[in-house]
Amino acid sequence: MSAAPLVGYSSSGSEDEDEAEAEAGAQARPGAGGCRRAQSPLPSQRLPVPDSVLHMFLDTEEEPEDDREKHGGRVRTFPHERGNWATHVYVPYETGEEFLGLLDVLLPHAQTYVPRLVQMEAFHLSLSQSVVLRHHWILPFVQALKDRVASFQRFFFTANRVKIYTNQEKTRTFVGLEVTSGHAQFLDLVSEVDRVMEEFDLTTFYQDPSFHVSLAWCVGDARLQLEGRCLRELQNIVDEFEDPEMVLRALVEQVRCKSGNKFFSLPLK
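Whatever position you read off the sequence shown (first residue = 1), add 1033 for our numbering.
Hints in this document: simulated from the structure, not taken from any laboratory.
Where is the CB? At the ideal position from N, CA and C, for every residue including glycine.
One thing to keep in mind: the hints can contain errors.
Said to hold, decoys possible - DEER-style ranges, computed between Cβ atoms: (1) D1241 / Q1287: 20 to 30 Å; (2) W1170 / Q1144: 35 to 45 Å; (3) A1183 / R1265: 41 to 51 Å; (4) V1138 / N1294: 27 to 37 Å; (5) T1213 / R1167: 37 to 47 Å; (6) Q1176 / P1148: 38 to 48 Å; (7) E1154 / T1236: 18 to 28 Å; (8) T1213 / T1237: 18 to 28 Å; (9) E1286 / G1261: 31 to 41 Å; (10) G1134 / H1169: 39 to 49 Å; (11) T1145 / T1236: 34 to 44 Å; (12) E1127 / V1151: 12 to 22 Å.
Claimed, not checked - Using 25 Å as the maximum straight-line C-alpha spacing, the simulated DMTMM-like pairs for lysine to aspartate or glutamate come out as follows: (13) K1302 / D1227; (14) K1295 / D1180; (15) K1295 / D1227; (16) K1295 / E1232; (17) K1295 / E1231; (18) K1302 / E1127; (19) K1302 / E1232; (20) K1291 / D1234; (21) K1295 / E1127; (22) K1179 / E1231; (23) K1302 / E1260; (24) K1291 / E1232; (25) K1295 / E1225.
Please model the complete structure; the sequences and the hints are all you need to start from.
What follows is the structure in structure tokens.
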């Protein structure tokens, strides 16, 4: 079974500090052109900077997080650059007790084949690849998304087919549940998201997407261990779980956009 690609995630920030430091360095360089006036130097006394100035830019930047040890050894899909914000559009997947109960059975069984698998911290279905936005384009981008999905009707979907995925670089492997009903509605949503991507000259979604909810992940390409016998056993667990059609059925009520450390919720009609 071929593995479908997933999006990657990365952090972002602003390049304003770098530019400010360069300018400050040029101004502080003694004897860099101009004539020296024959006068006594002024006393070296710094005026206090008002708190309003010190704190006015605290909400405009996000510090880069490049330590792989802090995020499970994941590798960036693209390098961090100040002013570039990793952006991702998706549908959140709200979990219930029954879903978590199923996951409590699935994950330990998968870990008998790949012990390094870990459960996802949150669950979602991707509607875009991970793209890069400049900071000043975030709000216009989100507003364009909101306009596109505002008239879109809410809908139910079911994800109950176990499938193994990797990201494009084959540096991470995921165990997921593929959508088996609601696929057409997700395609319509992606069509609207893709139009916004094209407006901002960004990469659109995959041509033949496999909409799914990722349940667990690990570093590296673990398809050889997880596909085949393991995959069949995981599917049997899902099929034999009590009322899997209802447990794995969910309502799409909103689209979300994550850009850097900021989240935006876009409700459907």
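Report task. Please flag the earlier hints that this structure goes against, numbers listed from lowest up. Result -> 23
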